[in-house]
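A.B. asks: Chain by chain, the residues:
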Amino acid sequence: MDIFSLSLSINGNRYERQVDSRLLLSDFLRHDLGLTGTHVGCEHGVCGACTVLFDGQPVRSCLMLAVQANGHALSTVEGLASSRQQLHPLQQAFWEAHGLQCGFCTPGFLMTLVPFLADHPDPSEMAIREAISGNLCRCTGYQNIVEAVRLAADRLRAG
Amino acid sequence: MPKTRGWEAVLYNSQSVRLEMKPPPFKYLAPDSLEQALELMAQYGEEAKLLAGGQSLIPAMNFRVVQPAVLVDLNRIKALEYVENSEDGSLAIGAMTRQRALEFNPIVAESTPLLHECMPHVAHPQIRNRGTLGGSLAHADPAAELPVVAVACGSRMKAKGPQGERWIEADRFFKGMFATVLQPGEILMEVVFPPLPPGTGWSFMEASRRRGDYAMMGVAATLRLSSSGTCEQARLVYLNAGDGPVEAPQAAAALKGQTPGPEAFEAAAATAAEQEIDPLGNVHASVAYQRQLAKVLTRRALARAFERAQITGN
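Note that the protein sequences, when read in sequence, are chains A and B. Residues in the first sequence are numbered from 0 upward in steps of one, following numbering that gives the first Met the number 0. Residues in the second sequence are numbered from 0 upward in steps of one, following numbering that gives the first Met the number 0.
Next comes chain A alone, as it looks inside the complex (with noise of 0.2 Å):
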């Protein structure tokens, strides 16, 4: 056993734990933190599924080591609606577009789209399906998730 201190935010709350170097992120907040909102499909980097926020970043928290995350900042699908009745405006618009049908790829789409969002306000369709080359999801075929995306965009504009 390789065992170090970890202290870090998560959606803006600390966690201090004590981790194996081996473990993986996406496993450190699934299984030693509960959070399971974050979601595991490939486990080498090609689904999208487990893209957490790393200090504002989107990346791949199953190409991680948690003992990585030691000091820095980082945000899940948990942190993003602002209470049990008021969802993201993104996560809204991906309900009502029915941008999801399973679900489970999800978390990933999102965490992928709301720094995107943020960058580009007004974003076009080629930009959209860009930003979320590095998602899959066996579902929707995509349209209602672009369409969620532009209707996010709308009502975030409008603020």
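Heads up, a few of these hints could be off.
[To be verified] Some, not all, of what chain A presents toward chain B, calculated at C-beta under 7 Å: (1) 4; (2) 15; (3) 20; (4) 21; (5) 22; (6) 44; (7) 50; (8) 54; (9) 55; (10) 56; (11) 57; (12) 58; (13) 59; (14) 132; (15) 135.
Bear in mind the hints are in silico, worked out from the structure with no lab data behind them. Backbone N, C-alpha and C fix where the C-beta goes; we use that ideal spot for every residue, glycine too.
Following the hints, position chain B against chain A.
C.D. replies: Chain B in isolation, oriented as in the chain A frame:
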């Protein structure tokens, strides 16, 4: 009782069960400085593996294809993350510079446009947020874009190890599939891209099944025009066309002295695709299809490079 998987154990048995882990055990070391990293690499030698962005190494470890005894993480060494323009117009890039940072760096776009052009093709945005220039080069995947561009640009690499510091030309750096001339204990520190000579056009093109997937074929092309408008020099380097970045020197040499145009490009494309590259074929593309892609991409890339050479030559 059936053996439960990790997540079931968590659901039904709360915290008492230790979960299975994907990578095999290793000793993890995260030095703060290059000096410390070099000391650790000298100490552990062949036992140690360097961790850069981890976008290829971590999956390989998850699959247990790679099982290093010691992992030396370079991510805390901020001194290896930089893009610097030097007086002669060349660009020095620290090995740990993130691919995403290169993609949006205006200096990169200005002085090494070929590198800039290939960046969006390097996997996906999430991967580029972590992936580094040096990591991709040291990994030496024959299907990767950055090694091909490094060769096409005539870049050179600075490495440092127990024997001291040395410079390696890009076309001598790669030594076959997932292999480079880096010695155990050596760290790739910097890559220098020389400026494109005036009148040089460039193009990077690839064909993949889906955006961001490994390309079935790809080419980096440069083409320099003489003052009379003939082709003075050309370079063609291919990805997924052999066991590393594959050059097509005969096709490039045949272009020399020619009037650039569809005929010359077609001939060069045929030579490169049929005689010089050595694609291996895979489940997504047969060897014949890869050669066909190489032919079409070469033709198009040379045409694009020619257009740009005419603009930059003015």
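A.B. asks: What hints, given by number in increasing order, does this structure fail?
C.D. replies: 1, 2, 8, 9 and 15
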